[in-house]
Amino acid sequence: MSALLEVRGLAKRFGGFTALEGITLEVAPGERLGLIGPNGSGKTTLINCVSGALANDEGRVVFEGRDITRLPPFRRARLGIARSFQIPKPFRSMSVLDNLRVPLEYAAGTRAGQRRAGDEAMRVLETMGLAARAEQNSAGLTQVDMRKLELARAMAAQPRLLISDEAMAGLSGTEVDEMLEILFKLNGTGITIIMIEHIMQAVMRFSQRVVCLDAGHIICEGTPDQTVANADVQRAYLGA
Amino acid sequence: MRGRGFWAAMAAVLAAGLAFTALADNPYYFNATYVVLQALIMAVAWNILGGFTGYVNFGSAAFFAVGAYTTIFLQKAFDLPLPLMILAAALICGLIGLGVGYLTLRLKGVYFAIATLAMGIVLETLVNNWSYVGGAKGTYMLTPDEHLWFDSYSEMLFMVMLILALGSIAISRALSSSRLGRGLAAIRDDELAAECSGVPTLRLKLVSTTVMGAMMGVAGAPYPYFVTYVDPLSAFNLFIAVNAIAMPMIGGTAHWAGPVIGALLVGSAQEVITVTISSELNVLLVGIMLVLFITLAPQGIVGLARRHWRRRP
Amino acid sequence: MFSADLLANAVVSGLLLGGFYAAVAIGLAIVFGQLDIVNIAHPAFVIVGSYTAYIFNTTFGLDPILVGVAAMPLFFAVGVAIYRLYYAAFERTGQESLSGLAFFFGLMFIIEVTLILVYGVDYRLVSAGYSAQTLSIGFVDLPGRMLVPFLVAMTLTAAVWLYLSRTFMGRAIQAVAQDRGALQLMGADPVRIKQWAFGLGIATAAIAGALLIIIGPVEPSVGRQYIGRVFAIVVLGGMGSIQGMLIAALLLGVTENLVSTFYGPSWSPAVAFGVLLATLAVRPAGLFGR
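Protein chains in written order, with our numbering: chain A, 1 to 240; chain B, 1 to 313; chain C, 1 to 290.
Derived by calculation from the structure, the hints in this document are not laboratory data.
Note that beta-carbon positions come from the ideal geometry of N, C-alpha and C, so glycine has one too.
You can trust all of the hints, since none of them are fake.
Taking CB as the label site, the calculated pair distances span:
id, chain 1, residue 1, chain 2, residue 2, range
1, B, Ile288, C, Gly61, 34 to 40 Å
2, C, Tyr163, A, Gly16, 25 to 31 Å
3, B, Leu14, A, Arg92, 35 to 41 Å
4, C, Ser127, A, Arg92, 54 to 60 Å
5, B, Ala9, C, Ile116, 36 to 42 Å
6, B, Ala9, A, Arg92, 29 to 35 Å
7, C, Ala77, B, Leu14, 52 to 58 Å
8, B, Leu296, C, Phe60, 35 to 41 Å
9, A, Arg92, C, Pro284, 26 to 32 Å
This is chain A alone, in the form it adopts within the complex (with noise of 0.2 Å):
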């Protein structure tokens, strides 16, 4: 089966400072990755580039068989990429339910009206759990709601390729729980996932595979038991 996203030869660099260098990967339809590697690894850097945030100095991004190197943003967003961001950026003059909405608007492209869309966003927050909060205004929340928000609103854009990128730093063992088995859920349904994590377990217990990478390239691809025994791997994390 070919796959769904494919990144060849990507580099990024700012100024003199190289963030991402021969990055090539590939993610299978259907697929549960996950992408670690220590702080300032460039992981967030490639998620930039995957998702359009930036644009890469080198390679290509390859999704279901299509280049998306030079689209913007938007495009790859209705083409099926959607990310969750690691500081959750809200959309705060809106309600919650206004903040599914734009995505479902724009991205999904619900044009059957309002009505159609604002259920939609209920169903979407009923998954997980905000269905409470619809009509509260975003900029009010509690910290683990901001990035259930950010998660569902990445859901609601009803993407096939979800990259969550540490939806769950700073949560409570049973949070993370909670927010594996809405991931694992979506997975169930025919999205492919890429999670960023630091949160090693959850990371080893979601993912199909675990790809590593540490000063921009890329040092480890396999199971997440081999991952965690690569000695590259617990250098990087680790030091010498």
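Could you slot chains B and C onto chain A? The hints should help.
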């Protein structure tokens, strides 16, 4: 305001305006309300880009003045009727808005703001050097004889302005609660998150600048007939630009009613002050009010009202 | 009408003018170039500097440049006060973009209108000994009223550049621009540093204003012509680069003067905008930008 209530209110205001023209005699009233209505259209227009989308335009006076000078040019060249001039002004100013937007909106909002300020100066320079429309010396516009069924030309102008004002409010309201409006608000709240949620940010920003430009041009189109003497200094007046920003910020930028409230309150206050004290003080006052509101009550009057209502049981 | 003489003089006086422009832009180069604060009221402060020089020159006969230098501490204090207000109202709450811009716009307006109310719209001049003299080198004329401001402007630019690159506070200002997080970790307070930088920016307006009124007569709305110029200079030079700013200022001065000489002075305000737009369209980072 729910749909039917809004349109009923619009119709009522229109009817009141007509009644006013039939009953009142003193041209002062029509002139004073014309000025307030003009400021209202400018404020509503500014808010579409400033409040809804979050991009600040400092060059409002330029769009207004181009609208006015379009009228002057068309009058001298072709002697067209007023409605066509208004249309032409909308078209030309809309295109200018689109152009400036296209050149600068792909960069940070700051550059757009600066570009609008500098654009005003450039356009003023161009008009200053264009002798056909009077150049720096200015030009006179003769008041036409035709004023339909109204008692005077100024009454007709008042009515024209009222219709344009109501139209701009309706457009602004329709924009704010539509899918387009939500897209604009998303851009204002977090442009990157909006883009990643599928919002075509550049396209929507261009729509905003174009609509804003066109509306401001429309506000300026009847101006030459109102003042009868136009020169670049008065048309490109900074006061117009400051009012266009101050009124929405005082009224509240997040809601379509904000600029309306701001324009009515501030505009009327200005008329009163001009008549009772002096017009220079007027001008200083609006600047002070702008700074005060921005620092102390950034959500404007609408914001204050909302907070007050939320506290009640 | 085209002659080597005319061209040479146009270029030279363009350079002199450009040097002066650097003095006006340097305050903004610090505040906007380093700190990303869009103080469009900066030219208005320069005009206040001009009027300050005017008052003390006509009342006490003091040399305008001396007045400018003496006024710097006062302008510095005003700058600090304004930054604190700006910080409390906007930066702390994260609303810089829309409201911050409008704040400075309102400030600019208040300054201009207050000057009109107090001094009216008449042009004001100063008289300084060297204003009427001209230094001639070959066929090139260097009028005193342009040459002296040019020299002072160059001194000011060099002083600021040295300050930013050699002193602790200066380097802290540059650091704040690049990474305030790291700065906080090192125990320095970004707010106090920015406050200092903003004060410095406004202090330069005191001198720039004195220079302005030596070059030519001033009235309250003159400041507006400089908004386009200073932003064009800072953007063309590249954010964060003082050398870039100087080169951009000289380029703008020469271009404007050439346009003015060969096409007429009424076109020169448009030059700055043209430069600004061209820069934004072609190379937004400017010549030396980070």
